[in-house]
Each structure stands twice: as C-alpha cells, then as structure tokens.
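The chain contents come next:
2 protein chains.
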Amino acid sequence: MSDSFATADSAAASGALAGAREPGEAKNTAPVDAVTCGPIYSSSKAFVDVPCEDAGDCGTLHIPWRRIELTNDSTFDVYDTSGPYTAYAEDGSDCHDLADGLPRLREGWTHPVPSGGASTQLAWARAGFVTPEVRFIAAREGFEPEFVRAEVAAGRAVIPANHKHPECEPMVIGKAFMTKINANIGNSAVTSSISEEVEKMVWATRWGADTVMDLSTGKDIHDTREWILRNSPVPIGTVPIYQALEKVNGDPVKLTWELYRDTIIEQCEQGVDYMTVHAGVLLRYVPLAAKRVTGIVSRGGSIMAAWCLAHHQESFLYTHFGELCEILREYDVTFSLGDGLRPGSIADANDEAQLAELRTLGELTGIAKSYGVQVMIEGPGHVPMDKIVENVRLEEEWCEEAPFYTLGPLATDIAPGYDHITSAIGAAMIAQAGTAMLCYVTPKEHLGLPNRDDVKTGVITYKIAAHSADLAKGHPKAQERDDALSTARFEFRWRDQFALALDPDTAVEYHDETLPAEPAKTAHFCSMCGPKFCSMRISQDIREYAAENGLDTVEAIEAGMAEKSEEFAEAGNRVYLPIDAK
Amino acid sequence: MSDSFATADSAAASGALAGAREPGEAKNTAPVDAVTCGPIYSSSKAFVDVPCEDAGDCGTLHIPWRRIELTNDSTFDVYDTSGPYTAYAEDGSDCHDLADGLPRLREGWTHPVPSGGASTQLAWARAGFVTPEVRFIAAREGFEPEFVRAEVAAGRAVIPANHKHPECEPMVIGKAFMTKINANIGNSAVTSSISEEVEKMVWATRWGADTVMDLSTGKDIHDTREWILRNSPVPIGTVPIYQALEKVNGDPVKLTWELYRDTIIEQCEQGVDYMTVHAGVLLRYVPLAAKRVTGIVSRGGSIMAAWCLAHHQESFLYTHFGELCEILREYDVTFSLGDGLRPGSIADANDEAQLAELRTLGELTGIAKSYGVQVMIEGPGHVPMDKIVENVRLEEEWCEEAPFYTLGPLATDIAPGYDHITSAIGAAMIAQAGTAMLCYVTPKEHLGLPNRDDVKTGVITYKIAAHSADLAKGHPKAQERDDALSTARFEFRWRDQFALALDPDTAVEYHDETLPAEPAKTAHFCSMCGPKFCSMRISQDIREYAAENGLDTVEAIEAGMAEKSEEFAEAGNRVYLPIDAK
Numbered sequence: 042m043s044d045s046f047a048t049a050d051s052a053a054a055s056g057a058l059a060g061a062r063e064p065g066e067a068k069n070t071a072p073v074d075a076v077t078c079g080p081i082y083s084s085s086k087a088f089v090d091v092p093c094e095d096a097g098d099c100g101t102l103h104i105p106w107r108r109i110e111l112t113n114d115s116t117f118d119v120y121d122t123s124g125p126y127t128a129y130a131e132d133g134s135d136c137h138d139l140a141d142g143l144p145r146l147r148e149g150w151t152h153p154v155p156s157g158g159a160s161t162q163l164a165w166a167r168a169g170f171v172t173p174e175v176r177f178i179a180a181r182e183g184f185e186p187e188f189v190r191a192e193v194a195a196g197r198a199v200i201p202a203n204h205k206h207p208e209c210e211p212m213v214i215g216k217a218f219m220t221k222i223n224a225n226i227g228n229s230a231v232t233s234s235i236s237e238e239v240e241k242m243v244w245a246t247r248w249g250a251d252t253v254m255d256l257s258t259g260k261d262i263h264d265t266r267e268w269i270l271r272n273s274p275v276p277i278g279t280v281p282i283y284q285a286l287e288k289v290n291g292d293p294v295k296l297t298w299e300l301y302r303d304t305i306i307e308q309c310e311q312g313v314d315y316m317t318v319h320a321g322v323l324l325r326y327v328p329l330a331a332k333r334v335t336g337i338v339s340r341g342g343s344i345m346a347a348w349c350l351a352h353h354q355e356s357f358l359y360t361h362f363g364e365l366c367e368i369l370r371e372y373d374v375t376f377s378l379g380d381g382l383r384p385g386s387i388a389d390a391n392d393e394a395q396l397a398e399l400r401t402l403g404e405l406t407g408i409a410k411s412y413g414v415q416v417m418i419e420g421p422g423h424v425p426m427d428k429i430v431e432n433v434r435l436e437e438e439w440c441e442e443a444p445f446y447t448l449g450p451l452a453t454d455i456a457p458g459y460d461h462i463t464s465a466i467g468a469a470m471i472a473q474a475g476t477a478m479l480c481y482v483t484p485k486e487h488l489g490l491p492n493r494d495d496v497k498t499g500v501i502t503y504k505i506a507a508h509s510a511d512l513a514k515g516h517p518k519a520q521e522r523d524d525a526l527s528t529a530r531f532e533f534r535w536r537d538q539f540a541l542a543l544d545p546d547t548a549v550e551y552h553d554e555t556l557p558a559e560p561a562k563t564a565h566f567c568s569m570c571g572p573k574f575c576s577m578r579i580s581q582d583i584r585e586y587a588a589e590n591g592l593d594t595v596e597a598i599e600a601g602m603a604e605k606s607e608e609f610a611e612a613g614n615r616v617y618l619p620i621d622a623k
Numbered sequence: 042m043s044d045s046f047a048t049a050d051s052a053a054a055s056g057a058l059a060g061a062r063e064p065g066e067a068k069n070t071a072p073v074d075a076v077t078c079g080p081i082y083s084s085s086k087a088f089v090d091v092p093c094e095d096a097g098d099c100g101t102l103h104i105p106w107r108r109i110e111l112t113n114d115s116t117f118d119v120y121d122t123s124g125p126y127t128a129y130a131e132d133g134s135d136c137h138d139l140a141d142g143l144p145r146l147r148e149g150w151t152h153p154v155p156s157g158g159a160s161t162q163l164a165w166a167r168a169g170f171v172t173p174e175v176r177f178i179a180a181r182e183g184f185e186p187e188f189v190r191a192e193v194a195a196g197r198a199v200i201p202a203n204h205k206h207p208e209c210e211p212m213v214i215g216k217a218f219m220t221k222i223n224a225n226i227g228n229s230a231v232t233s234s235i236s237e238e239v240e241k242m243v244w245a246t247r248w249g250a251d252t253v254m255d256l257s258t259g260k261d262i263h264d265t266r267e268w269i270l271r272n273s274p275v276p277i278g279t280v281p282i283y284q285a286l287e288k289v290n291g292d293p294v295k296l297t298w299e300l301y302r303d304t305i306i307e308q309c310e311q312g313v314d315y316m317t318v319h320a321g322v323l324l325r326y327v328p329l330a331a332k333r334v335t336g337i338v339s340r341g342g343s344i345m346a347a348w349c350l351a352h353h354q355e356s357f358l359y360t361h362f363g364e365l366c367e368i369l370r371e372y373d374v375t376f377s378l379g380d381g382l383r384p385g386s387i388a389d390a391n392d393e394a395q396l397a398e399l400r401t402l403g404e405l406t407g408i409a410k411s412y413g414v415q416v417m418i419e420g421p422g423h424v425p426m427d428k429i430v431e432n433v434r435l436e437e438e439w440c441e442e443a444p445f446y447t448l449g450p451l452a453t454d455i456a457p458g459y460d461h462i463t464s465a466i467g468a469a470m471i472a473q474a475g476t477a478m479l480c481y482v483t484p485k486e487h488l489g490l491p492n493r494d495d496v497k498t499g500v501i502t503y504k505i506a507a508h509s510a511d512l513a514k515g516h517p518k519a520q521e522r523d524d525a526l527s528t529a530r531f532e533f534r535w536r537d538q539f540a541l542a543l544d545p546d547t548a549v550e551y552h553d554e555t556l557p558a559e560p561a562k563t564a565h566f567c568s569m570c571g572p573k574f575c576s577m578r579i580s581q582d583i584r585e586y587a588a589e590n591g592l593d594t595v596e597a598i599e600a601g602m603a604e605k606s607e608e609f610a611e612a613g614n615r616v617y618l619p620i621d622a623k
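So the protein lines, in turn, are chains Y and D.
With this note's numbering applied, the first sequence closes on residue 623, and no number is skipped along the way.
With this note's numbering applied, the second sequence closes on residue 623, and no number is skipped along the way.
Please keep in mind that the hints were generated in silico from the structure rather than gathered at the bench.
Note that the structure is a prediction, hence the values are computed from the model and not measured.
Note that the Cβ used here is the ideal one computed from N, Cα and C, for glycine as well.
Accuracy of the hints is not assured; some may be wrong.
As the list claims (entries may be wrong) - The list that follows gives simulated cross-link-like pairs (lysine to any residue, SDA-like), each with its CA atoms no further than 25 Å apart:
1. Y/K260 - D/T555
2. Y/K428 - D/T555
3. Y/K514 - D/K428
Stated by the list, open to error - Here are a few chain D residues that sit away from chain Y, every Cβ distance over 12 Å (derived from the structure):
4. E110
5. D138
6. A168
7. A191
8. E367
9. I368
10. E371
11. T463
12. G515
Construct the complete structure from the given sequences, taking the supplied hints into account.
Okay, here's the thing in structure tokens:
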C-alpha cells in the first residue's frame, strides 16, 4: 500500500509537524494527497459566531455546522464533526497540506487557574468557570453553557481536550447530551499504512465520528499518531499499553511501570485527548476470566493479566494509579478506564469477572476525580438484550455516573460479517439506557481489519444507533431531522430526502439503480410501487381532496355527506395524476 | 431481464403446474435454470424421522435440518427453511425442474373433522387434536406437540398452511416459539420478472426466511404466484387487494366486494397460506391519517381509504368480513390483519389513527376466531424505541394475544439506504417484547426494489434481530449456537466459526480479504491484532498456564504463590508461541 500515496518532502514534513516529535524521528511517509476533501451532498460548511464573553480570552467562537440546502428554499443545519475538510472545493484541490496540520483553533484560548491547581475541565467546572470549550459545546448542543458546566462539574460529562491538541474542536461526552460515537482506526503488524490511517480518520469524521481512537500496534506508532493528531478536528484516544508493548518487543512480562509511564508522557505531549487504561484488571480477577467460554478478549486486559500472573504482583497500573492521575491532570487528558475483562461472548456477559472489574473501576473513578482528572468508563462487549440495561445501572451506581463508553454491545455472537448490525442493536439499547458514547464495530469485526468502506459503514451504523437513542431519550432537536426528512419524503422532494440522510451518497446510488433518469429525482412516485400504487401519492391526493371538500375531520365524515363522496368518485382520476416530472 | 433465463416447454410447464391455473393462462416464461441449488458452506441436509403416531395418517415425518460439519468431529444441527434446494449437489446440476414443483409433502396427511365443521389448525387444536403439522413443528422447535397444540388453540400461535399448498413444510408463528422472519418479494410495474421473483424466494429461504410474501403488483401476478407456490418450502403470503386493483386498471374507486371476493378465492385455490387484509381501515379513521406528517404509507391502506372516501361508505372488507372468514376457513388460510394506518414516520408513531385501527383489528380477531379462522396482526412501521413496547402491550390486550407480525419498526427516519439497520434495532426490541414474526426491510427500502444482494442482506439482518430476541427471551436452545460459535472462535477453529455463522460465505470472504492464505484458516491469530497481540491466544495461554500451575482459582492466587510467578516469567515465551499453521 505504501506506493499509493505521495512521499512528502521529509524536511518540510518534520518541520511542520515537529511538535512533540523527536528530531530525527520524522519519516518520509507523509500521506499528503491521500485524504478526502470537499463538501457533502447538497451541503456547505457554515459557521455561527458566538461571543466568548466571560469565558476567558477566546475572542469570537465560530461554531461549525453542516448546512443542508433544501429545494424548498430553506436550510437545515446539522451537528458537524468533519472539521475543515468539508469546507474545501468540490474536487478538493484546495485542501490544506497535511504537513501543515489543521489551524490551531484553541491556541489563543485562555483559562483561569482554579485554587486547587488542576488545569482540567473538571477542576474549572467545579470552580464555577465556564471555559471557552464549555461555551463552544453549549452552542453545538443547544444547551445553556451553565448546564454543560454543571454536568462536567458533577463528573457526568467529560470534555476530552488535551492542552497539546489545540486543533481539536471541543465536544462533550455525557448522557444529557447527544450520544457520541467513536471510530477505531490503527494499523496492525499484519497490514495497513500511515496514509491509510490518516485518511480513515478524515473519512470517519466526515460521516460523523465524534472521536477517533488510534489503536495502531505495528510499526510507526508514534508517527502515525502524530499525523493523525495534527490533522484531527476531533479528540483522539489511544491505548498506551500497545505502544509500551512494542517497546519490549511484544513480551508483556517485560513491561514495567517506568516504561509505561514514559509512554504515557510521550503520548500526552503529542496531544492525545483520552487514554484507555486497564487499571481494573487485578491479579485476583484473572482466575475468574480463565473459566470463561472466551477468556479475556481485550488486548490490554490480556496483556495485563499475563503480566500480573507472571510477576504474581498487582497490576502496576493499579498500584501507580495516583502517579498516572498526576500526569494526565497536567495535560487534561481524560481517563477511559478500560474494561479489560469485558465479555467476549453471550455466555460470559455480566459475569463475575466483568462485574468485579467494574467495581474496581468505580474505586479508581473516585481517585481520578479527587485529582481533578476527567474519567469515563468503558463497557462491553457481547451482551444479550435482556442483560443490557443492568450494565448501565451498575456502572452508574458504582462509578458515580461517569460517562459510560461501550463497545456495542453485540446482542448475539452468530453473525460474523454483520457485527456492525449485531452490535448496533445492543448499542442503541445501551445508549437509550444512558450510555454516553458508543464505540463502533465494523462488518469486519472478528474477521479482519476494516477498510475504507467498512469504516464508513461502521460510522453510519453507529450514527443510526446513537440517533435512535437520542430520539428515545427525547433529546431536544433530535426529532427535527426525522421530521424534516419524512416531510421531504412525503412531498416527493427526493433530493432533500437524500441530503437529509446520514449517507446521501448511498441513498442516491440506491435510488438510481432502479430509476436512474434525472426526472425520477422529482417524480411523484418511486420504483417500489410504480406510479399507480404509490401510497404516499394516494395519501396526498386524499388529504387534498378531503380538505377541499370539508371531509377532513371525523365529525364531517360522520355527518354523512354522501353528496361529497359522489364528487370524489367523479374526480376519481385525481388520485392518479398523470406522471409528471416537473 | 426476460432474456436472462431459459424458456421452458410451455406444455410441460402448464401440465406440471396446472394446479389452480386456468388452461391457456400458462406462460412460456418458466424460470427453469434460474435458482440457486446446492449445500451451504460445510453443511449438508439432514432429516430426523419422527413417527406420526396419533396424529392422523401421515406415516413417518422427516424433519429437515441443516447439519453443520465441524472440524472437531462433531456436528451442529440448525433449523432449516431452505427446503430441498440445499440437498442438491454442489454445482446444482441435479436440481429439480421448477416446472415439476416441489414434492407434495403434506398430500398424504389426513386430519380429523372436528364437530364444529371447520378444517383449520385452530379448530383441530381447539378440539384437542395433534395434527401432523403440529407434530412436525414440535420436532422442529424442540417442544412437546401438546404445547404447540395448546398455543394454537389459544390463538397465540398460527400455522399458515393452506390445504392447497401441500409443498409447504409446516411452521408456527407465535411468541412462545422461535421468532420468525418474512421476506417480501414481488415485481412491480416498473421492474423485475417471474424468474427473478422465484429465485428471490429460493434465495431468501436459503438464508433463513420463514415465510415469503409475494407482493407483485405488475404484470403476470397470477403466474408469478403459481411458480412461487409450487416451488416454495415455506408458507406464502399475499396482499390480495393488489391483484384486485390490477383487475380494475388501478382505480380503487372501481373496486367491489365481488371482485375482491373472486380474487381471494383465486388465490386460496392456488394455495396462498396467509393473506393481508386491511379490514381495519374504516371511513371515520381517514381524517385522522390526513393530518399526519406522512399520511397513509400502506399501499393497501391508502387504496381502501380512497375507496371509503369516494363511496362515503364503510370498507367492504369490514362489512363483508364474515363472508371473508367463511372463504378463508375452507382452505385454512390465515388472516394477517393489515395495519393500513401504520405510521410511516417517527412523528406519526402510536398516534390516534394507528391505535384506532388496532382496536378494530382486535374486534375482527374475535370474529375470525369465532369462525375457526387463524389470525395474526400486522404492526408498524416507524416507531422510536421508547414507544415500541407499548405497541406489543396494546396489541396483546386488544387482539387476544394473536401473533404480532411487524414491519421493523424503523427506530429513526434519517437513514435511507440503511433501513435494514434502522429497522433491525426496532425489530429486535419488538420481538423481545413478544412479537412473533418480523417482516424484513432491505437496504433499498424507500429507495428502490431489492435485488438479490439486498434480499440476502435483509434476511440475514432479520435473522440477527430474531435470534437476538430469542436469546433475550431465553428460548430453549437459542444460546447453544452462540456458545458453539464462540467456542470455535476461542479455539481458533476458523472454519467452524464460518460454518456456524448466519452467513458463512461473507465471513469467509471478509477473512480472506486480509489473510487469504489457506494456513490462515487454522492460524492461532488473526489480522485484527496480528500474531503478537492476540488476546484470545494470550488468554488461552494464561488459562493453560494457570491450570497447570494451580493458579486457576481466586484462593490459589490469594495464597500468594510467588514462586509460581517466577516459573511463569521463565516460561514467558509460552505466551507467544511461534506462529504455526498446523
């Protein structure tokens, strides 16, 4: 794959991206021409300005939206995660040079220093400060800044925003807000390249990924992450144990706290916004997992279990947790406390190993918050539908309602190749119950690494799950988009139906497979029923006829206006207007 | 498309398929070579014989299974809807001639005549008779025949099996049993052919469709249905109003009871097993629907609404419902009482129009059952997750727990192109709440007619939803397949993981995209993590090490066997066995 992208000038790339990179570390594998730029179907990038009053010195905030242009001369704005990439020209020819990185949006923003000394969103919120990030988020989500601040202060929401990732557009993860989704990317020892991973990040955020985790395990971990961070408009998460393990050539027994600590600092310096730390995998839990149908399926969990067992010592992540908190606090990196013992099969769901670890994560949540560090909690995995709500209940009870961040869960094990769907079922349900962020699963889960199409399919599928949950939770404004799309559908505004869809391109493609002709885009019927059987059209005709003839209420019907019915019979052909394509 | 399949000998075809077909009606468009024959991956067709004692004269029942051959010298049998098509040779060369139709499995079975005079499964069950169909179903589902009979007698389950469709393998629809799925096929005025529709039936049942509805609306409705019925191993459903409307050139105002009655009889004579009848769309409900965001989205519903309004009369389906019952009873055709006023958008869910119709369907349920006719109730549609359970609760309360048969529901409107997924979320939840059968939705819903790939995607997606619900409901044996697949996954039996999957072909294809080499099929790692990071493999190593060294209990761990840990450290490389492909 390495020949599929341009090789950048090594000096320029290393200069522009110097940042936390060690001199000499720069590689000449810059993915300069490899990303997708240009607007989404019938949409443009729009910014709504919000003054940054009383929130520190940040001037005017420019809140990004995707503005959908509708054919009835109106527009519809939707929450937009795509950053500047969708603001470029149709052909992407003016796309920024990845070697330059994105504009450093938050660089000029200033923050107060609370008396406690911690420079984190949690500490600021607790001290009553509305930060620029909080104000930005309030405008994106449609809440009052004070409400956002209060949720962060209570630990029910987090704002993953490393001080060293100024390119990131602030976003919030918490159950009171829009359900967020994460897309995992990352090369492995077997396949893929830096170029592909940066494009996956751009591609995933184009379709709605709210955060991206770089789970690279192979070569060039540091550089891959650097390219992603400098060009990402969304928070980036990692699992630092993967890189630590690379440093000891893959032997978990050789891991040490010092080596792990140095890896964490390296990633904090680069700007990683949240980190998965499997500090809840305790020595005494390992035998619980050994009896399972699928043992330990978390990579981080299995690495730490092997370490604990080999040294017959408690996990260094657990014994050094306070030091970890001190490091993360300095950068305002958010903990994502990993579920190393999550169930990997229906049989293992909600078992002793999983729940024992969750209790420990609750203990660690309290410690992290006492340091002023933001925390979210990772959750399963594979869980049958009847055991899903219990996961949220226990997490909230044991972990102080810290935002729950789950992988699916998959509602059945029997559909490899379709695990975006098995997990979307579980994801929608667990989000409805209060999960704040959903980690996507692609169709390739259990089978291979996701390619570009899989990433998109995973993202769109999880946007569906998240939005379905937001509807069910009554999130303000969630239903507006459904209503706009359904109204367009009923009014045969095909282009608007496509534009309001989560994936306009696929909607257009499917429509064109059956009725490719341009007039079909405005036809008052579609290929499912053909012109004679279109229920929507008959329904519209009925509505118009009923209104014109005073038959639009139950009372009028019951008054028995038989003469009206004769008129309708005479005008019967109105129900089947000649096909027109205007 | 008509040139893509062989033209059969017209005389032979009409002879073999004569059945209810009018002489001279036979068309020379026989789709002889167009269907998929041959076994599914690593599987063979197996029959388990069950004596037909005390169930009438039916000899020995041969219960069909798909027998999966596993690499550990065991087999795993799964419920099989594919009929004889998967019993033919790999290349399908010995596939039966579609012009001959399937063997007439139920032709020799005899049934008692209950005192009430109705020859229906409901009447027989109420009279305490265990029919051959009941016995066949009990063996397929793993229940006692008496339990099946009791559920049918109570009207909580139906067995759609027209006396004139002897080719059909008996199956049951009821909430106590495996959740069933239906696949819709059918040509429209715009596209598709008989050949394609027969293949869609074969294709859909290959992947697990429990019933198939032929919703053809274009030309050749009668012949298309004949080819499908004579070759279908599963019950076939229809919406007779579509054909009736064709007979009046698409003008609903010209529909009459007599014309509809004749159409019903024609279809009963052909062997249709269940029929959607929109008898609950009453004149006074039409204004309720006119105020909606998406009006009436059911084709049958909109046709009847137009008729009622035009004539200002109550629907002839409602006023002649008793006569309808008499006709269906004669053939033991099951009512599927249609939800003509189902919501077509999130905004319209659970509204007055929908619930008014549901109450009327409850009234009709009682009437049908008083005639001894089996009944199920159709349900929505588009429903947000928080309103799904209420649909089941009201249906059960108002319709005497008649089996509920829902279309999805779609949990959001905003993802055209992905409505198999938006609806799988709703379908899984509504099935968990007690829905007995789910009508699939394909990715093309709202956009175009499904092609072969879409039919498969829809079926597999709905098998996922149905199976997820069966797991959550604790259906006996449901979890066995999950456990078998997950065990295969944990033991790196890749071929078995594929074979146990709902769609082995796609699982193999995805696996091979990343690691196509034959040794990878038995490798103890996969492309997601590569050989060094495989959590499953580390987990297995941990399990073995812990067991061998007495570290497999919490007590042993807590006893603090530090010396054991040193041994493990020394043997640390065991965690990373050299990659072997044996």
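Tested hints:
no. : hint            : in the structure
1   : Y/K260 - D/T555 : holds, 18 Å
2   : Y/K428 - D/T555 : violated, 34 Å
3   : Y/K514 - D/K428 : holds, 11 Å
4   : E110            : holds, 17 Å
5   : D138            : holds, 31 Å
6   : A168            : holds, 37 Å
7   : A191            : holds, 25 Å
8   : E367            : holds, 29 Å
9   : I368            : holds, 24 Å
10  : E371            : holds, 29 Å
11  : T463            : violated, 5 Å
12  : G515            : violated, 8 Å
When held up to the earlier numbered hints, the structure conflicts with 2, 11, 12 and fits the remainder.
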